[in-house]
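Participant: Residue strings, one per chain:
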Amino acid sequence: MPRTSKRKSAPPNSSSVTSPEGRSVSIKAKTKGMEKIDRLFNSYANNSLGMIDPDGIEALCSDLGVDYTDVRILMLAWKLKAERQGYFTQDEWRTGLKALGVDSLSKLKKALPELENEVGKSSNYEDFYSYAFRYCLTEEKQKSVDIESICELLNLVLGAQFHPQVDLLIEYLKVQSDYKVINLDQWMNFLRFCKEQISFPDLENYDASQAWPLILDNFVEWMREKHS
Amino acid sequence: MGQMVRYEDDFEADMLEDTGAYYSRKASSWIEDDSCPDYMLKSEECLKKERDRVSHYLHSSSETKLLEKVQHELLVMYANRLLEKEHSGCRALLRDDKLEDLSRMYRLYCKIPRGLDPVANIFKQHITAEGTALVEQAEDAASNQASNAPGVQEQDLISKIIKLHNKYIVYVTRCFQNHTLFHKKVPHELLVMYANRLLEKEHSGCRALLRDDKLEDLSSKYWLYCKIPQGLDPVANIFKQHITAEGTALVEQAEDAASNQASNAPGVQEQVLIRKIIELHDKYMEYVTRCFQNHTLFHKALKEAFEVFCNKTVSGSSSAELLATFCDNILKKGGSEKLSDEAIEETLEKVVKLFAYISDKDLFAEFYRKKLARRLLFDRSANDDHERSILTKLKEQCGGQFTSKMEGMVTDLTLARENQASFEDYLRNNPAAHPGIDLTVTVLTTGFWPSYKSFDLNLPAEMVKCVEVFKGFYETETKHRKLTWIYSLGTCHINGKFEEKTIELIVSTYQAAVLLLFNASDRLSYSEIMAQLNLTHDDLVRLLHSLACAKYKILSKEPNTKTISQSDYFEFNSKFTDKLRRIKIPLPPVDERKKVVEDVDKDRRYAIDAAIVRIMKSRKVLGHQQLVSECVEQLSRMFKPDIKAIKKRMEDLITRDYLERDKDNPNLFRYLA
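Chains as they are written, first to last, in UniProt numbering: chain D, 1 to 228; chain S, 1 to 673.
Because the hints were derived from the structure by calculation, they are not lab data.
Fair warning: this is a prediction, and the values are worked out from it, not measured in the lab.
Heads up, a few of these hints could be off.
[Said to hold, decoys possible] To give an idea of the chain S side of the interface with chain D (calculated C-beta under 7 Å), a few residues:
| no. | residue |
| --- | --- |
| 1 | 626 |
| 2 | 647 |
| 3 | 648 |
| 4 | 651 |
| 5 | 665 |
| 6 | 666 |
| 7 | 667 |
| 8 | 670 |
| 9 | 672 |
[As the list claims (entries may be wrong)] Between beta-carbon pairs, the in silico distance windows are:
| no. | chain 1 | residue 1 | chain 2 | residue 2 | range |
| --- | --- | --- | --- | --- | --- |
| 10 | D | 140 | S | 408 | 36 to 46 Å |
| 11 | S | 313 | D | 202 | 32 to 42 Å |
| 12 | D | 226 | S | 313 | 25 to 35 Å |
| 13 | S | 454 | D | 202 | 53 to 63 Å |
| 14 | S | 418 | D | 208 | 52 to 62 Å |
| 15 | S | 200 | D | 208 | 31 to 41 Å |
Heads up, the beta-carbon is just placed ideally off N, CA and C, and yes, glycines get one too.
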């Protein structure tokens, strides 16, 4: 299997460590640590695929005591830098869990709140937010996501923090007919819109002559009509 | 070298304080006793003396501090009292034209921060008062005046105002050293304000003169106001408002008339409107040349006024469409305008002038092109020279690219005639190839002509042969060209062998195809006809209606209702007859407006894309607003792009990776090579 061969060709090495005793110890420690991680991986992985598939993830969620659709799973995917929605490869698993500093299920469970904090930091948040969108691009060369999914994603990602804005935005997205899909630029601007403290719900300080995407201009118009 | 500490702390500080106290005492007594000019003289003297003292006895570093102290005590502390002295203060000096004293005042106060503000204010108030007094004088005199010399008072007033203006300009240069504070205060705005009051006078003001067409009076107004700096601005403004109001009224009239009109004369009101707008333009152009000496301000006013109402819609038709229809009427045979060649040329000139005011020039081009196509293809053009003439004029206005397609169309027709001649030669030389029917084919260059949908019409056998024969001929002439047949544009002459007599029917190719079906069958249902010809429902209904329910009933329909339904049956109406031997069965054209607007919108999207890419390619990085405004400017020659449309295209270009938004500044865009 390609994965195992990769493993063989790139053994965990610690060539930077000088003392021979230290070297053997750290290799051992690393191998041991990696072993646990790998074992955890294998317990969820689909053996014929060599990676964790949606079923595996669902099982993981249930073991973590977290809902399949919980935003924390998305955060975990972000931490793992998972490329394909619904799947975790072994490399991603390893890198991610190492970065989290966990190698067991219980440790992973404990690490979740910390992960939330980490994501919440403004320097990471934009990255996570943009990741959330890209995670939905399941087809090759796909650039946009359908409205339904975007609404769900908005709720998941921004719903807690920007509740009123998100609710209204989702309402608008569902009634409008100009756009059937949303692209990354529009998605990023939703965040900007929420962060930029546009006064709600009158939206008085929104300036349509600025470079806001048209969909937000239309949203503001719709809001203003609603409230007049 | 040594430091100044001893000097400053032990000597200078005290000296300054004592000096201050000294002048404070002096000032408080002088201000009571002396007139403003005298006080100022004394102040000037004091300052001079202190300067001398410094140069003789003191260290130079003391000069600024000392003078500031003196100024403060003498001039700043008592500024108000000084300037406002009743009989000798600033106002009095102005009143009595004491230029020397005013100069001194300026010299003294210009060194003090914000010292000139009160002086400038008094200056402005004084001039305003004098000017207002003049105006009121003139108004009184005018109301007492006999009404047969109304303009005299005004002329008088204007010349007095100009004198006032010149007098105070002298003050500004001589006393106030051309300081900007005083230049602003010399009331350019005030003069214009007076001008406005006069111009807005209800019965003799500018509006009244325009309303009553008093060209001579307007002319004299022009000469009067052109002497006042910026005095012509209000006049031009009133001119513009007047024209805009008249033009808008015309448009509204036409809109009302059109909605009340009987539906069998559509478009008449709109054509009348264009005529009236042309007349309006001529009228006010004359004003610009005769009364306003061709001054650019008035040309601009005229242009802006026309741009306002020339872009209004009348009963659903845009002005671009109306203008194109107007041209069509002039250029086609039997058009509503029966004019001499000269008159036509003149009218076309004027139309092109109006065209300059229309913002949706590309829309006009598309409508014009469609109508031109119909004129050319159905041989309805009255005069080839006129066709070319208007195209030349449009080319002068808008450049060759605008008219290149249309010119191509006109040329195509000429070439087509030559081609037809060759085809006829070919047939003569190959009699076996002859299809048995007289056939005329017009070959059009696709790029020039509007796009036409070509249907897979099932041609009658006779016509199929024609098509084959021509194809054979064409391939001998040119290889590598593809012929697409547009049957919707064809005409057919068919002999209808009716019981009473044979009548030649001039019909469209589609109509002919329907009729020829009845050579093989006596009676056909709607669905049978549809199946045999392979047309859409819309087209078929139109066709059958023209043959069975219109003026000439070539086919009889069962049931004999006025509209076509899918369950109808049709038969050849052998009982049909008419006093003429040859009749034309018209097929009402499909409303092309919707398609034209769609096509133009599509082209506009490409144009906006191209403009954005062009701009970004050269600038590399550009802010949102700038990009939008440059885009609008670049495209303004053809149309006025909607800001939303530009935004939408930008988003599309972002998705297609031509542009990206800057990471840090969301209002900035970057070109992606």
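Participant: Grab the minimum C-beta distance from residue 670 of chain S to chain D and call the hint holds if it beats 7 Å, violated otherwise.
Facilitator: violated, 12 Å
Participant: Is 36 to 46 Å respected by the C-beta to C-beta distance linking residue 140 of chain D and residue 408 of chain S?
Facilitator: holds, 44 Å
Participant: Tell me if the interface restraint on residue 651 of chain S is satisfied: Cβ within less than 7 Å of some Cβ in chain D.
Facilitator: holds, 6 Å
Participant: Is the hinted range of 53 to 63 Å satisfied by the C-beta distance from residue 454 of chain S to residue 202 of chain D?
Facilitator: holds, 55 Å
Participant: Lying within 31 to 41 Å: is that true of the beta-carbon distance residue 200 of chain S to residue 208 of chain D?
Facilitator: holds, 37 Å
Participant: May I ask you to test the interface hint for residue 667 of chain S with respect to chain D, counting a Cβ-Cβ separation under 7 Å as satisfied?
Facilitator: holds, 4 Å
Participant: Measuring from beta carbon to beta carbon, are residue 418 of chain S and residue 208 of chain D in 52 to 62 Å?
Facilitator: holds, 57 Å
Participant: Okay, residue 226 of chain D versus residue 313 of chain S on CB: inside 25 to 35 Å?
Facilitator: Given about 29 Å between the Cβ atoms, the range holds.
Participant: Going by Cβ atoms only, is residue 626 of chain S closer than 7 Å to chain D?
Facilitator: With a closest approach of 11 Å, the residue 626 of chain S hint is violated.
Participant: Given residue 665 of chain S was flagged as interface, is its beta-carbon under 7 Å from a beta-carbon of chain D?
Facilitator: With Cβ-Cβ at 9 Å, over 7 Å, it is violated.
Participant: Once the shortest beta carbon distance from residue 648 of chain S to chain D is found, is it less than 7 Å?
Facilitator: holds, 5 Å
Participant: In this structure, is the beta-carbon distance linking residue 313 of chain S and residue 202 of chain D contained in 32 to 42 Å?
Facilitator: Holds - the Cβ-Cβ distance for residue 313 of chain S and residue 202 of chain D, about 33 Å, lies within 32 to 42 Å.
In terms of the numbered hints stated before, the structure departs from hints 1, 5, 8, 9, listed from lowest to highest.
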